[in-house]
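Asker: Construct the entire structure; sequences and hints are all you get.
Residue numbers (this note's numbering), protein chains in the order written: chain A, 1 to 163; chain B, 164 to 326; chain C, 327 to 820; chain D, 821 to 1314.
It should be emphasised that the hints constitute simulated quantities derived from the structure, not laboratory data. Heads up, some of the hints might be wrong.
[Unchecked claim] Stretch-level coverage of chain B by chain C, calculated; a stretch enters the list once three of its residues show a Cβ under 8 Å from a Cβ in chain C:
#	stretch
1	176-188
2	261-272
3	303-313
What you are looking at is a predicted structure, and each value in this text was computed from that prediction instead of being measured. For every residue, glycine included, the Cβ atom is placed at its ideal position computed from N, Cα and C.
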Amino acid sequence: MTRLLVTLDGLAYEVELGAVGGDTCQVTVNGEALTVTVPHPEATVIDMEWLIVNGWPYEIGFDAGLQWLKAYDGLHTVEIQDLNQRVARPRSGDGRVKAPIPGLISRVLVAPGESVTAGQPLIILEAMKMENEIRAPFDGVVQAIGVTVGQTVLRNTVLAEVN
Amino acid sequence: MTRLLVTLDGLAYEVELGAVGGDTCQVTVNGEALTVTVPHPEATVIDMEWLIVNGWPYEIGFDAGLQWLKAYDGLHTVEIQDLNQRVARPRSGDGRVKAPIPGLISRVLVAPGESVTAGQPLIILEAMKMENEIRAPFDGVVQAIGVTVGQTVLRNTVLAEVN
Amino acid sequence: MFTKLLIANRGEIAVRIIRTCREMGIHTVAVYEASDRSSLHVRLADECVALPGPQSYMEPETILAIAQQYGVDAIHPGYGYLAEDAGFIRACDAAGIAFIGPPAEVVETLRDKIGALEKARAAGIPTVVHSPRSFAEDEFDALREAAAEIGYPVVLKSCRGGRGRGERVVADALHLAEAVRRAQVETQAVYGNKQLYVERAILPAHQVGVQIVADRQGNLIHLGEREGSVVQSNQKIIEEEPALCLTPQRREELLATAMRLAQLFKVENLATVEFLVDDAGRFYFSEIKSRIQIAHTLAEIVSRIDLVREQIRLEAGEPLAYRQEDVVRRGHAIMCRVQAEDPLNRYLPTPGRLRQVRLPGGAEVRVDTYVYSGADVPPHYDPLVAKVTVWAADRPAAVTRMRRALEDLGLTGTPTNLPLLVRVLRDPAFVAGRYSTDLLSRLSAEVTEPDYERVRRDLAAAVAVLYTRRRESFNPQSPDVWATGWHRSSRQLG
Amino acid sequence: MFTKLLIANRGEIAVRIIRTCREMGIHTVAVYEASDRSSLHVRLADECVALPGPQSYMEPETILAIAQQYGVDAIHPGYGYLAEDAGFIRACDAAGIAFIGPPAEVVETLRDKIGALEKARAAGIPTVVHSPRSFAEDEFDALREAAAEIGYPVVLKSCRGGRGRGERVVADALHLAEAVRRAQVETQAVYGNKQLYVERAILPAHQVGVQIVADRQGNLIHLGEREGSVVQSNQKIIEEEPALCLTPQRREELLATAMRLAQLFKVENLATVEFLVDDAGRFYFSEIKSRIQIAHTLAEIVSRIDLVREQIRLEAGEPLAYRQEDVVRRGHAIMCRVQAEDPLNRYLPTPGRLRQVRLPGGAEVRVDTYVYSGADVPPHYDPLVAKVTVWAADRPAAVTRMRRALEDLGLTGTPTNLPLLVRVLRDPAFVAGRYSTDLLSRLSAEVTEPDYERVRRDLAAAVAVLYTRRRESFNPQSPDVWATGWHRSSRQLG
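Answerer: Structure follows, in structure tokens:
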């Protein structure tokens, strides 16, 4: 039995569910029993995009990190906590600054050792003819710059580290 | 170097080609050199459906057995002979009668041991509300009937054998 | 207005009805059978209900029970299935659920096809010569006598609904028995009824239907006529509007006759008044279909009126929003039915999973379908996969627009009749607009284009590359499939 | 008429041009750059030619060399790139290749935006207050003085082509320097030019463009006006026709003014005369775009005239086929731009491969796109992925039709702005038709529906199932990604 706390647009739902491998599973949300059908159980999980909950069909888009969910009525933010695992929330102080999209490094505005304040632009990343500022996540000191001007980077390439 | 005799709508073309793994390959057709680009070389082969030949793009549909080819101008029949392999043409006398489509056996018209003539209906296969006659491939004797009335069969299930 | 509507159908027409309901703010309930679960109608409805089996779409009790359980206030039957089932309509009436369509009595009158023909003839309207009654399975001798009296060639027709199922042209008495047997098997499968009647065949012919819209207040208008003379296995695979086989004067006569018939039979909601037209332009009343038709998209794209919206409005008791003179008809429209049928295997149905579905887009191209990349064409139903409807200012432009739309349309995973449609759209007789119901048996030999030599050469190169790549990617443990020299005749490929 | 035409563009507009050429029987040559190879325009063209790099679409020499090598007799530039490059037009003239668009002199006159504004004002037409000249990168002080003289808020604008790139509203002098720097970076990237000028900002405003069609014989007509006031990053993401911000009387005045301007500047082929309209309904001439626009589909779906066909016909020297009174305008149309942009990440571009593309269908819904299931959104270009245009008899029906079309549209693989578009289509101010260019900054809080509670509960269940299935299917060798309790803040997911 998996127990999850699903927070949708800030509203928390306690969800309990058993095996999810087949095309139908029983799910309890805040004590209410629901039947969830996965019409294409054989599809790879990343392709799965619609489910039927108690006879209501939902087409769902979601991001790779399951941070948001797109339903017919627009976007919903999502947080999922596994109540069985009780792992402490990791420190929020990850100072690795990653490329949010692929692109070209057009300028580097700071140097290692320099002090920066939260929100200060560190690097300019050009993609689709737009100039995107990559900013410091918090106040701190630049530990390293991982890229040079003119370099093409992939999504999630570490651009800089701040601590 | 692969050498093939490709017969398209009854017209024969002698084709020579080297490695075909990448996105571009050199092909000689009746002595004329052509460049063939496969825009999605990473796609599984069954999904491949367009190529660029000397700058002319072609969208191509073909059946699982490569017996026909659909291009923008309609259907073309295809036969391919590997000139390097020189395997004799197998005897055409295969008497196994297979289901051309999935469906339901609604009637069996002959019994093992019965003599039949080419084209004689052996079995009625119902699919999509249509009655399809499955006929004898040549004159002969029914060796076996592999199905019973009411049975649902998949494509290529052997329904009967005649020899 | 209704608040919750059940769609008692599947496939493209279910999707089409859901779309209008969503535009009208009406909550939709879809029904589906297991093999149909990937259909778009299930995904797009507000609620969806699983049916016990493939036959359930045509089971009045099953559908009505679901309608009551889900508290709907209206049922849209689409075409086929329960669309012309008077008993079902009465059951809906009794349950206080609106049936989107004509009253039971109208349906009953119209489904008695021989009675309808006689009533029309009594009103002075020309009809096709037909047998005075229909015949049960054990009345073959009587049927044969009726056919002899009418004179060959004759057409066998089902007493039940349309869509051409069971219809067969019989050239002479010798072929009658076998034709009757086959027609009965088919009508039994489709309509659950084997009763047949006989008509004199008109060959070559044109099939013309007039779209009628009628309110409960007694007003009715027509939205013009369409011609469906490109026929395969009795199904109209290509239809166009306006009809090509009519002179302007004949067109006016035919439209006026259709209006008279619609009034005579007191049609309500949507109906199509159907005629056969011979090569001289004479027309004969054939029947009235009192439901939405597959080809209704032609009237919609020409008139820009949403016929499903009108159906729902009229059933809710609202009057017609248009007078005849408000209806603007200009330009030309063509509709093609894309079906899962194998063009190289006698057009046998080809259910299966579609890998890629790429729909055509751009100006004045409309697609109605229940499939998408990864969806299934289930084995139990009609092979209709998609309808493509185009409009243009004139017929030549509509023909070239349809041709490019069909060339844009990509469907892989299971064979379809697309190559046949493309061939018709390139056929000189079709392009010239000179054809009748025998077009498909007279398709001209391959169209030769200036680039023919280059295209063949390039396709040979492309096929060689595909074949070699495929052979190399296959599992080497079954070399016999791919390594034999004469690939095409290899045993393993059946 | 032309026999072979090169499309000097990419993406949806290249596909759109190819479609009309195929309908006209004109042979097409497409150009593409490696990352763009999976685009539909490459697949649908008769011939395709690889370009050396992403910049090549805007290189006059490269394009002209290909045109000559392939023996084309016409070039269609689409929008952007070479559409308003007078030098390129002259080179085409010199090479004897028809450029589908106005003559070089007209383009030159119109691209001198300040000159055009002054010429219009001299003719008595109201214009926005603007700086008397434009400023180079090293003339910041002069630019600041000009801004102070006009009075804040002001708008910075590029001297080069449109599409809003580089345009920035500046609230006060404090923010001018940074805004100028950013505008210059952007205009350099898009147009290869940093020259800026200053206009007085009209806030809130409405952006209205009038579609003009003009032949070489001096005849011109308009196809009505469209409003593009739903603006994000200076791009009109939703446009509609007719404009909502005009009374019938103002509309007539504005259309008449647009016709006068079109004559004044001797426009030829297609052009859009653009105005700013303030909340009181006063309009100010802004500029003329002498090319086809992204939103031309609105005029097409309302008038049912194919504008690309008209462009080609007119360039071939044929006269206008329509008089003003022949143009039928009825109903209402809306167009949305679907863009590859991340709605949760400041709408940053999201190039990548699309897994599933499911286009909406049904009545009066038109889609223009270069993608399909499995196609790439390349990293170097505009994030525009698809345009959805709908028509209905009135605006409320058009709004609900667009809403259902957007809900029908399925795009997975990379985020898009679809959630934003859906939200606008549900916003009360938009639905009521009372909005101006600041709509997106005033979008109402989430729309609460009656079923809100049930939908949330069901989505929570669905997410839980998806999450659990995904976690189970993932490689157990990296448990840290999925097994941490607070999934969202997990380091590994960045």
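Asker: Run every hint past the structure and note whether it holds.
Answerer: Structure-based check of all given hints:
Taking a C-beta to C-beta cut-off of 8 Å, the stretch 176-188 of chain B contributes 6 residues in contact with chain C, enough for the three needed, and the coverage statement holds. For the stretch 261-272 of chain B, the stated coverage by chain C holds: 5 residues have a C-beta nearer than 8 Å to a C-beta of that chain, and at least 3 were required. Under a criterion of three residues with beta carbons nearer than 8 Å to beta carbons of chain C, the stated coverage of the stretch 303-313 of chain B fails, only 0 such residues being counted.
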